[in-house]
Every structure is written in C-alpha cells, then in structure tokens.
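Taken in order, these protein sequences are the chains called C and B.
By the count of the UniProt record's numbering, the first sequence reaches residue 371 at its end, each step adding exactly one.
By the count of the UniProt record's numbering, the second sequence reaches residue 371 at its end, each step adding exactly one.
Note that these hints are calculated values from the structure, not bench results.
Be aware that a few hints might be false.
Distance windows between CB atoms, simulated [what the hints assert, rightly or not]:
# : chain 1 : residue 1 : chain 2 : residue 2 : range
1 : C       : D191      : B       : M246      : 43 to 53 angstroms
2 : C       : N34       : B       : Y104      : 53 to 63 angstroms
3 : C       : A222      : B       : N368      : 55 to 65 angstroms
4 : C       : N94       : B       : Q226      : 24 to 34 angstroms
5 : B       : K143      : C       : N94       : 56 to 66 angstroms
For glycine and all other residues, C-beta sits at the position ideal for the given N, C-alpha and C.
There are 2 protein chains.
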Amino acid sequence: MVGAKKTYNFCSGPAMLPEDVLLKAQAELLNYQNQGDSVMALSHRSDAFLEILAQAQQRLAALLDLPDHYRILFMQGGASAQFSAVPLNLRQNNLPIGFLDSGYWSQKALEEAQKYAEVDVIASSQSSGYLKAIEQADYQLSKPLSYLHYTPNETIDGNAFYCIPNNQLPNGQEVPLVADMSSCILSEPIDVSRFGVIYAGAQKNIGPAGLAIVIVREDLLARSQQNQQAMPRLLNYATVVEQNSMANTPPTFAIYMANLVFQWLQQQGGLEVIQQRNQAKAELLYQAIDSSRLFVNNVEKNHRSKMNVPFSSQNAELDAKFAEQAQQQGLISLQGHRSKGGLRASIYNAMPYQGVEALVQFMKSFENQYV
Amino acid sequence: MVGAKKTYNFCSGPAMLPEDVLLKAQAELLNYQNQGDSVMALSHRSDAFLEILAQAQQRLAALLDLPDHYRILFMQGGASAQFSAVPLNLRQNNLPIGFLDSGYWSQKALEEAQKYAEVDVIASSQSSGYLKAIEQADYQLSKPLSYLHYTPNETIDGNAFYCIPNNQLPNGQEVPLVADMSSCILSEPIDVSRFGVIYAGAQKNIGPAGLAIVIVREDLLARSQQNQQAMPRLLNYATVVEQNSMANTPPTFAIYMANLVFQWLQQQGGLEVIQQRNQAKAELLYQAIDSSRLFVNNVEKNHRSKMNVPFSSQNAELDAKFAEQAQQQGLISLQGHRSKGGLRASIYNAMPYQGVEALVQFMKSFENQYV
Numbered sequence: 001m002v003g004a005k006k007t008y009n010f011c012s013g014p015a016m017l018p019e020d021v022l023l024k025a026q027a028e029l030l031n032y033q034n035q036g037d038s039v040m041a042l043s044h045r046s047d048a049f050l051e052i053l054a055q056a057q058q059r060l061a062a063l064l065d066l067p068d069h070y071r072i073l074f075m076q077g078g079a080s081a082q083f084s085a086v087p088l089n090l091r092q093n094n095l096p097i098g099f100l101d102s103g104y105w106s107q108k109a110l111e112e113a114q115k116y117a118e119v120d121v122i123a124s125s126q127s128s129g130y131l132k133a134i135e136q137a138d139y140q141l142s143k144p145l146s147y148l149h150y151t152p153n154e155t156i157d158g159n160a161f162y163c164i165p166n167n168q169l170p171n172g173q174e175v176p177l178v179a180d181m182s183s184c185i186l187s188e189p190i191d192v193s194r195f196g197v198i199y200a201g202a203q204k205n206i207g208p209a210g211l212a213i214v215i216v217r218e219d220l221l222a223r224s225q226q227n228q229q230a231m232p233r234l235l236n237y238a239t240v241v242e243q244n245s246m247a248n249t250p251p252t253f254a255i256y257m258a259n260l261v262f263q264w265l266q267q268q269g270g271l272e273v274i275q276q277r278n279q280a281k282a283e284l285l286y287q288a289i290d291s292s293r294l295f296v297n298n299v300e301k302n303h304r305s306k307m308n309v310p311f312s313s314q315n316a317e318l319d320a321k322f323a324e325q326a327q328q329q330g331l332i333s334l335q336g337h338r339s340k341g342g343l344r345a346s347i348y349n350a351m352p353y354q355g356v357e358a359l360v361q362f363m364k365s366f367e368n369q370y371v
Numbered sequence: 001m002v003g004a005k006k007t008y009n010f011c012s013g014p015a016m017l018p019e020d021v022l023l024k025a026q027a028e029l030l031n032y033q034n035q036g037d038s039v040m041a042l043s044h045r046s047d048a049f050l051e052i053l054a055q056a057q058q059r060l061a062a063l064l065d066l067p068d069h070y071r072i073l074f075m076q077g078g079a080s081a082q083f084s085a086v087p088l089n090l091r092q093n094n095l096p097i098g099f100l101d102s103g104y105w106s107q108k109a110l111e112e113a114q115k116y117a118e119v120d121v122i123a124s125s126q127s128s129g130y131l132k133a134i135e136q137a138d139y140q141l142s143k144p145l146s147y148l149h150y151t152p153n154e155t156i157d158g159n160a161f162y163c164i165p166n167n168q169l170p171n172g173q174e175v176p177l178v179a180d181m182s183s184c185i186l187s188e189p190i191d192v193s194r195f196g197v198i199y200a201g202a203q204k205n206i207g208p209a210g211l212a213i214v215i216v217r218e219d220l221l222a223r224s225q226q227n228q229q230a231m232p233r234l235l236n237y238a239t240v241v242e243q244n245s246m247a248n249t250p251p252t253f254a255i256y257m258a259n260l261v262f263q264w265l266q267q268q269g270g271l272e273v274i275q276q277r278n279q280a281k282a283e284l285l286y287q288a289i290d291s292s293r294l295f296v297n298n299v300e301k302n303h304r305s306k307m308n309v310p311f312s313s314q315n316a317e318l319d320a321k322f323a324e325q326a327q328q329q330g331l332i333s334l335q336g337h338r339s340k341g342g343l344r345a346s347i348y349n350a351m352p353y354q355g356v357e358a359l360v361q362f363m364k365s366f367e368n369q370y371v
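Construct all of the structure, not just a fragment, from the sequences and the given hints.
As structure tokens, then:
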C-alpha cells in the first residue's frame, strides 16, 4: 500500500519507521556522505559520527524545547536497562522510591527497583484491571522519597496519564519525577522542566531497538557520583554525560537512525503538528471501535492511550482470525501482547492517517462478515 | 577501490563489514524477505525475527564447533558492559578474581571488576610497555579464584596470546577461564571447551556496534542464579539464557547483521580458511613494517596481534601526515588510539588481502617521499 513497503505496521515495538528515513538510510548504506564506507563502519570518534551525535542531540533538544539544565544521554539496553539504572543512580539516603502503578510496565520497573531500595506504591489502578491510569485525587505524597516514578503511557494496557502527576510534598518540596516515556516520547510536546529524569527505549518513536534516550536534570548527576561505586560503569549517568554518550562504543547506527527520525519530525513541523496528527488518528480509531458491533476497548475514555489501542471481539478465535486476515491485507502485527491476548494497534508517529483509515475500513468489512 | 565503497577501512571498531553483507542489507532494508517492512520494524517475537535469531545462534555454534554444554547469548552494551556482567555473574564465595594484565583493555576489565570483588593480578606485562602478552612461564596459580580473566588480543597495544593460558591450580583443579575476545573472535578456530565464558563486542568481527556475544559454559549459570539479587536483570546470564536473549527487546537489526556476517563466514569456508587469510594479511603487513626504513612495530614477534597492527614513524607529525594522505587515497582510519598516538591498521576478517596490499604499497611510496 505504501510505496516500496506495501504495508502498514501496527507493531508496538520494534515499530514502523518513516519511509523517508528508511529510503535515506538505504541510499547511503554503503557510503555515508562520501565518507567511503557505511555509517555502521565509521569510527565513533570520526568527525562524521561526532557530527551525527551532535545533530541528534541538538535536534532532540529543539524538538523538546529542552531547558539548559537538562542533559541528553544515548544509552544501550532500552528502557529495561533503565529500570536498573534509575534506582542505581537516583536512590538517596535510604529513602524509599515511590511508584504510581498503572500497568504492566510500571510493575516491571517496580520489580527491578526493589533490588536496590525500599519501594512504596503510592497509588495503583490494578484493581480496575489497569483500565485507567492514576488521577490527581488518587493520592497525596506524605513523606520524602528518593523519587516518584510513573509510566505516562502503558504500551500493553493502553492507558495514559493526561496530566503530569503531582510530585509535591505537604511542605511544598518537590520529589524528583521520573517517567518511562518509551511509548509516548515525541508524540506531543511535554514540559520537560517538570521532570527529574525522562527515559525511553528507542524502538517505538525514535529508531531501531538497542538504544535508549535518557534526559537528566543536571543537579541529579551529583547522586550518580555519590552512587558510583555501587553500579556498573555504563549505567552511571554522570559517566555517560562526562563522556558525551561515548563511555563505550555507542550503537552508532541506531543513533544515526534516531538523528534521521528527529530530522523527519522537524520537517513535519515539530511536536505540535505531530500531536494534532496523533490526536486525529486516535479519534478515528476509537470512534470506529466505539461504534462497532464487534470490537470493544474498555479503557476509561479520559485515560485512553493515543499510541497503543488494545481492542478485542472478546472471542479469542475471532481475534486471531482478524489478525491473520489483516496481515494478508498488509495490516501487520495487530495481535495483542502475549500476556493479554486480544488485538492491539500501535499508532506511533510514523503511522500515517491513511494507515488508520485502512485499519478502520478492514474492521468494518470484517465486522460485516462475522456479525 | 572496492565497488560501491571505494575504500579500505582500517578502523579498530566500528569496523569494516563484508561488502556482500552490506549489499544484502541494503537490498532488503525496506522490505525484509517479503515481510512487508524493514527488518528493523519487525516485532522481535515475529516468526521472521525468531528465525533470524535461531539462524544466528546455529551458524555461530557451527563456526565455533560449539560443545553442547555451552550457550550463546546476545546482549547489549558491547564488551564494556561485560566488564561489569562477568564479575557480577561469576564472583563466588568471596574468592578473588584473577587477572592476566596484558594491556589497555585488560586494565579496563580489571578496574570495573574491583567494584565487585577483590582482584588479584596474577601476571602483568605492563613493565614491558605491553609489548608482549603473558607467557606460561610468567606465573603459576597458587590459590582458588572466582575465575581467571585475560584478553587474548589487545586491540590498542597490538599484542596477542598464542596459546590458551594455564588455568590449573597446583591440586589439578581448573579455575574457570574468561576471555574478552572482542578483537579476535571468529578470526581463527578456538577450542571453546577450554573456557568458562567468552565474550566479545560485535563491532569488530561480527556486526554493528551495540551488540555483545557471550558464550557461557552451562554449569556457570548456577552462579548467576545465586548472584541474581545483586545485579541488574539484563546483565544476568541465567535470565538471558532463560529468555533466549529476549529478556528485553533485543537489538534486532544488529542481530540480523551478525547473522549475515556468520553466513558470509560460512560461505568463505569457515574459520580455518579465514585463519589462513588473516595469517597471510598479517605476514604481508609485518614484513612491510620490518623491512621499512621509516615505520616500526616494537611488539615482540611471537606476541604480535594478527588483527591490530600498531606502527609508527616515531614522529607524531609524520604519522599524522601519513594518516591524512592515506585517507585521501581511500585507506581510512589509520590513526592510532588517542591514548597511544602513532598509527594502527586493524585488519579484521572483512579486510581483503588487496586492502593490505594497497596499504603496503602506500607505505612504500610515503617512505620514498619522506626518508
């Protein structure tokens, strides 16, 4: 359907990349900008790669309107490595780590953090079956914490926070707020100044798997230095900052791809434009589900994710048939996560509106056939 | 000089990849084997990617003639992440970790291990300026160790071990032998059965940066389980084995590239053939250096690396001029490591004999011009 690719890919990650980005990567795969070899084979200390790294940092900073006192780190291991890195860097004075638990990935982050510090679940939407995120009214911070962690968009459960959670103690002090933005980063503008640390695996809205982006408020690097002896060198934010994301050989090709994606985002008009497109895609899909006689999505309407839309006919066999027939039509990877079943459409930045239209059209024809 | 690439790339890593591999990756970059999208955008749980992963494991096992009681792990973070992972997994009963120190990377591994256990330098060639590796006669193990670590090929110092070091205690017991094979893996056949753990960053003889290969003797996984609570989940070998290298989203594109490189190695005739080619390339280059009136390599002849050949005119200005003029001739990345200066030619598997011939020819013409 789409030029050389012929498909719309709804995978939750590794996810669809903009076709223009893939075409550019393909064209220069054997000879990057007349350097005489593939970008994969260039020294990470070559001028050519250092320019890519600097561009990637500058473009990401521009896209996010990054305040001066934040640093961008390119790391390896995706968000899962950050489940270890965040507590190892930020734990402080034996204070507990606070968690807002809104789903599968909140739980994963919490389980790993428990190895390194006491964990305090400040609020959880588990009793709702994670059909919603956490509301401001659900909790009040009452005591100091090393930091407060949350997952603004739950990739599997399909819920999302629609405002930045309250991180103030009764005395007015703020606890550093940490967000796993793997599946929503760059999908809309954010106020970075509200956060202590933002991290994201690349394989959804940024580039190929194997890269993580970490944004750290500078004052928190002092904690990394204090905790230095108790963590692997490559996880230490202060070391990574000091070495300009080259504390070891960085995943150069993944950073190159991320830089192309950032350039593409700027060419689209930046995050306000992207947000409008994402809003329109999500509205189209949720409308189709809500008006369907076959498919349902039970997430509370004001907590629905604009990136990951789980839906189901509530009949496992029919769901499997849907995913299979859709695949044959070029609508790929619509099966739900193995922990949950059902169906799921991930509609990140690179998914065009036409892809969602094609999905909605197929849902209707499938419904007409089976209801 | 070489088809579309026009250069020979002597970078120590990220390093040159076989041109056939890059051409194949380029051809299918937007649509992997009719799957409808780039291999970068396919789910890591798709049949297509699981097939790539299985092929990569099978091909690597075949190339290395891997005994049945060893497991292959694909991990992130390159060899530097293994500097943390190895001690975190293998430390045992407060026993010290033994190190054979033969250069820059031995030291790096040792520095990181010190965070987690007592370290015992069993032998060091530091006093020689690392102009040799360690000989059997240099040491005798006298007491139990968690394991004995060494670096068979020192990428920066340009020295190499030409036999597997002795890991026997006086009572005949063997200490697990651990080797950082980043810059020599797959360059020649090895007897895997002599090792407890072999690890290697991918960006020299395997594929793009951002991937590490770890080969673990199965019985050692019990140590990983014992040490589980004290290390990041993604570094735990037992967890990675249990999850078939998908404890988190793996670097799918890097694994895909590694699989293509393994296939290429098999097509070349396997590691015996590769070893002969590497031997011939190294002989040609060392002969040129030793017969030169300008360039020297001071590494002891029986400890010279076949992969990384440092050389120098012993005049920093002239070395810089050489690297610059060579680059203009399509012989790229010949400058030495920033810690050491001088020049260095890395001649991994993907470097054709013609590349070394071109280098030797350029060395002669440069010498005629400047001596």
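Hint by hint, which ones does the structure fall short of?
1, 2 and 5
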